[in-house]
Amino acid sequence: MATFNVNDIRNDFPILSEKAYGKPLVYFDNAATSQKPKVVIDALVNYYMHDNANIHRGVHFLSQRASEAFDNVREKVRAFINASSEKEIIFVKGTTEAINLVAATYGRKNIGKGDEILISAMEHHSNIVPWQLLCEEKGAVLKVIPMNDKGELLLDKLNTLLTERTKLVSLVHVSNSLGTINPVKHIISLAHQKGIPVLIDGAQSTAHAPIDVQDLDADFFAFSGHKILGPTGVGCLYGKLPLLEEMPPYQGGGEMISSVTFEKTTYNEVPYKFEAGTPNIADVIALGTAIDYWNNLDRPGAVAWEEELLEYATSKISAIPGVRIIGTAEKKAGVLSFVIEGVNAMDAGMYLDTKGVAVRTGQHCTEPVMLRFGVPGTLRASFMFYNTKEEIDCLMENLGKAIQLLQPQTAL
Amino acid sequence: MNTMQEIEDEIVEDFNLFDGWEEKYQYIIELGQKLPALDVKYKVDEYKIKGCQSSVWLHGEEREGKLFFMADSDSTFVKGEIALLINVLSGQPADEILNAKLEFIDKIGLRQHIAVTRANGLSSMIKQMKTYAFAASNHSKQI
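Quick mapping for you: the protein sequence lines, in order, are chains A and B.
If you read the first sequence in the working numbering, its first letter stands for residue 1, the second for the next number, and so on.
If you read the second sequence in the working numbering, its first letter stands for residue 1001, the second for the next number, and so on.
Only true hints are included.
Among the chain A residues that face chain B by a calculated CB cut under 8 Å, a handful are:
| hint | residue |
| --- | --- |
| 1 | Y21 |
| 2 | N344 |
| 3 | T354 |
| 4 | T361 |
| 5 | L405 |
| 6 | L406 |
Using 30 Å as the maximum straight-line C-alpha spacing, the simulated DSS-like pairs for lysine-lysine come out as follows:
| hint | chain 1 | residue 1 | chain 2 | residue 2 |
| --- | --- | --- | --- | --- |
| 7 | A | K150 | B | K1050 |
| 8 | B | K1024 | A | K23 |
| 9 | A | K331 | A | K316 |
| 10 | A | K389 | A | K38 |
| 11 | B | K1107 | A | K19 |
Just so you know, the hints here were simulated from the structure itself, not pulled from any lab data.
Glycine included, C-beta positions come from ideal geometry on N, C-alpha and C.
Model the full assembly from the supplied sequences, consistent with the hints where possible.
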């Protein structure tokens, strides 16, 4: 394994040498989706060029090869998040589907009228709406852990928020709009003291640090492939085996059954019980390649570099008058969210776009967070280990120009 | 008053002078900064078209069979887009506004940037302008 060197790493990602409007692309929208190393792109092409066949049903050569490649990925994912068994890994479309799956199965079975589901004030809409739908259906109540002005959860409220009626805690690991790293291990242990299971939304965290679901003692853990160098349309739900075994199926169809007659259908075992229909074979296989890439990366080096980038960007932006950082938690990862006095975030984002700098603007699917901070939206630069300090310099220089152009001139 | 087509053609000609997205952006910002302020009495929810990333306040009124629009936004870029639309549509007969295809938006290469920011409410704004025109057109037919 080579020691981490960002210039070498960048060569692995073909898109990083793209131009935007003739200018070198500066990609700071990694929290929305990560770019893909060439090996992942090649894996997709190779699959369709050489291996494409439906899996687990064909007796023929190709089907067996595709089935083997597909099945191997479950083990790779298991090791990637240190689950105790392959059976605990369910392939889904992404984090959103993973959360919906838990709401529709575990939730429907175990949550009833007057029961409570606890989330936090910094959840992505994907970890709010599925629970609201369930609450509406069951007459359950959604409760929210509040946060302070830095974007840190008020843990002292947990004692009163975790009640006898709490049936599930569903919590984001790293906030996509604030960057806050939540102390999920601690919160899980508090919830477990009262016998309450916890789902962790790992959509952002999985790209930023190694995940160990056993160490966290998470009951469910959800993440998306496309945010961790893999393709879109594939993600994983981890669940502790005893929980998964008790859960009813999610969708009905092929693969998830053991036997079907018109009188009665019996279901396949975990995890297949939750994977109705032909799975997303190509993308699962390419996700496996993405995990191989992580395993071959100097991970501590990459984590340290990313932290250095965030620190560098934070200190640079703090020197620009009129800029206010939204999300100043002590522990942050990957995200620099900010507003500029007198400047609409979208206008500034579009200016940066004209310079080839890709950031995200708006509410980042966290409308309650924007409301909490009293801003209509923010600009968000989000980093990945393949970004450079030169790119941050480029962002800051153009941000200065954007402010000059867009900020109303105050009379002297 | 020029016809809508003539005004649209002029806008397209102006935009043809620009080299790329950066120059177009700067020009639209400039238009936005010059857009006359909207009377505060119209900057209320009744006139608001809420977008995901910016909001528009739009007021239209009919004078002698023609419709006149005034608008504002919290985004300077959207104000620039408003300025272009007002240039084309304001002061035109209701029927013509109702039928306006506004092909200049595609021709000046703005569509792709608008599509991304569904957000910026331009299409809602056009719809609202046409609603004004529809009401005015029906109103005049009844008379």
